[in-house]
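Number of protein chains: 4
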Amino acid sequence: MSNASSEMQSCIDDCLACYRSCLSMATGHCLRMGGKHAEEQHLTHMHACAEICRTASHLMVIGSKHAPSVCAVCAEICEECAKECERVGDMDDCVAACRQSAESCRKMAA
Amino acid sequence: MSNASSEMQSCIDDCLACYRSCLSMATGHCLRMGGKHAEEQHLTHMHACAEICRTASHLMVIGSKHAPSVCAVCAEICEECAKECERVGDMDDCVAACRQSAESCRKMAA
Amino acid sequence: MSNASSEMQSCIDDCLACYRSCLSMATGHCLRMGGKHAEEQHLTHMHACAEICRTASHLMVIGSKHAPSVCAVCAEICEECAKECERVGDMDDCVAACRQSAESCRKMAA
Amino acid sequence: MSNASSEMQSCIDDCLACYRSCLSMATGHCLRMGGKHAEEQHLTHMHACAEICRTASHLMVIGSKHAPSVCAVCAEICEECAKECERVGDMDDCVAACRQSAESCRKMAA
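Residue numbers (the working numbering), protein chains in the order written: chain A, 230 to 339; chain B, 230 to 339; chain C, 230 to 339; chain D, 230 to 339.
Heads up, a few of these hints could be off.
Where chains are identical, the list cannot tell them apart; a pair therefore holds if satisfied intra-copy or between any two copies.
What the hints assert, rightly or not - Here are the simulated SDA-like cross-link-like pairs (lysine to any residue), alpha carbons at most 20 Å apart as the crow flies:
hint	residue 1	residue 2
1	K294	R261
2	K265	A338
3	K312	E236
4	K294	E309
5	K336	S298
6	K265	K336
7	K294	L260
8	K312	A301
The hints are simulated quantities; they were obtained by calculation from the structure and are not laboratory data.
The whole structure should be built from the sequences, with the hints applied where relevant.
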């Protein structure tokens, strides 16, 4: 009944988990930490990652043939966000969510 | 570390599940069913419900003090979408997702 | 051909302008200013306002009967965001965008 | 003060105009026309185009370094949506909005 295969459903799960993690951190934890966590470059990364994950999910949910192209871009942004979060530190959960989403999106993009 | 309590996390889960169900049905199942399912009024309901659920989630994730007001509107729209889906029939999963989201949002709105 | 009257089109314009202003400031100007501008409370306000404006636009664009309820909440959030931006200062354009969006949404909500 | 150059501001304008056109048509005009206009494939195209335009705008507004990658995908989806709208016919305004958005996004992607 759904537009998405079970592998795609997992990718939607992972993208939405990453969206929640990045958005939550960028508007809470990172601002409270201050310093590197609250720099424009870092927060913009986090917001970009949240947004592209939200949209990759959307295209998969509607069953768009363009979902793979968006997942390819999403995988790149998530991977770079994971590295960026490792750089600033104290963001292990977010790093894990970004890595998981990147991995799932790479499979969808293939 | 998160901006949201565990009750709020459940509400975000329910809203995102309802978003996925309504959006998926409105762009797939309903169009394939045709008839009442594919009428403008029904599909607009579904898209409005998907969008407000997506946004109620967003405000909860960022820990906005306005989340309860948005959850109150979300509860109304979900409740009415559940009734609308019952009216057209063959949408049991979507009815359940809308009811669950409406109930969770009512608690957040209180 | 459109789902929205010309008054509603103006309201969509105003909401999208407010969305752009709040989101742009919250991820740029405010972070660069630091101090009160970069506090969690202020930035969460800005992000909440951006998101509800984006969604009020969405419901008007699709011609939802629920657009007035969402516009009512949007008017409240925009009004409060305008006050919040006045409080921190150096945000005149954003104050104006929030006021304009609040006024248009109040008309739609009526 | 803004995160975006004036050329980028025009691209945001064009993407948001395309978002409004595609979303409005997909939930109104196309459903009322029926036939080819109301087929799943066509409507999914329209919704995918609306969503990617909304998100390309978002990344430009926040000044993300990933905006060019998203604009590149957006240009492809808009171009194909324009062709799809020409195929079904009676969608001249939407074709124009998609073409304009595709052209602006290609410049940003370069």
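Now for the hints, and whether the structure bears them out:
Taking the shortest Cα distances, K294 and R261 sit within 20 Å of each other only across copies (17 Å), while inside one copy they are farther apart (41 Å). Taking the closest pair of Cα atoms, K265 and A338 never come within 20 Å of each other, the shortest separation being 32 Å inside a single copy and 29 Å across copies. In this assembly of identical chains, the alpha carbons of K312 and E236 never lie at most 20 Å apart, being 25 Å within a copy and 30 Å across copies at closest. For the homomeric pair K294 and E309, the shortest alpha-carbon distance between copies (11 Å) is at most 20 Å, but the shortest distance inside one copy (25 Å) is not.
In this homomeric assembly, K336 and S298 come within 20 Å of each other (Cα to Cα) both inside a single copy, at 11 Å, and across copies, at 19 Å. Proximity of K265 to K336 under the C-alpha cut-off of 20 Å is found in neither arrangement, the shortest distances being 32 Å within a copy and 32 Å between copies. For a Cα distance limit of 20 Å, the shortest separation of K294 from L260 across copies, 17 Å, qualifies, whereas the shortest one inside one copy, 38 Å, does not. In this homomeric assembly, K312 and A301 come within 20 Å of each other (Cα to Cα) only inside a single copy, at 17 Å, whereas the closest approach across copies is 23 Å.
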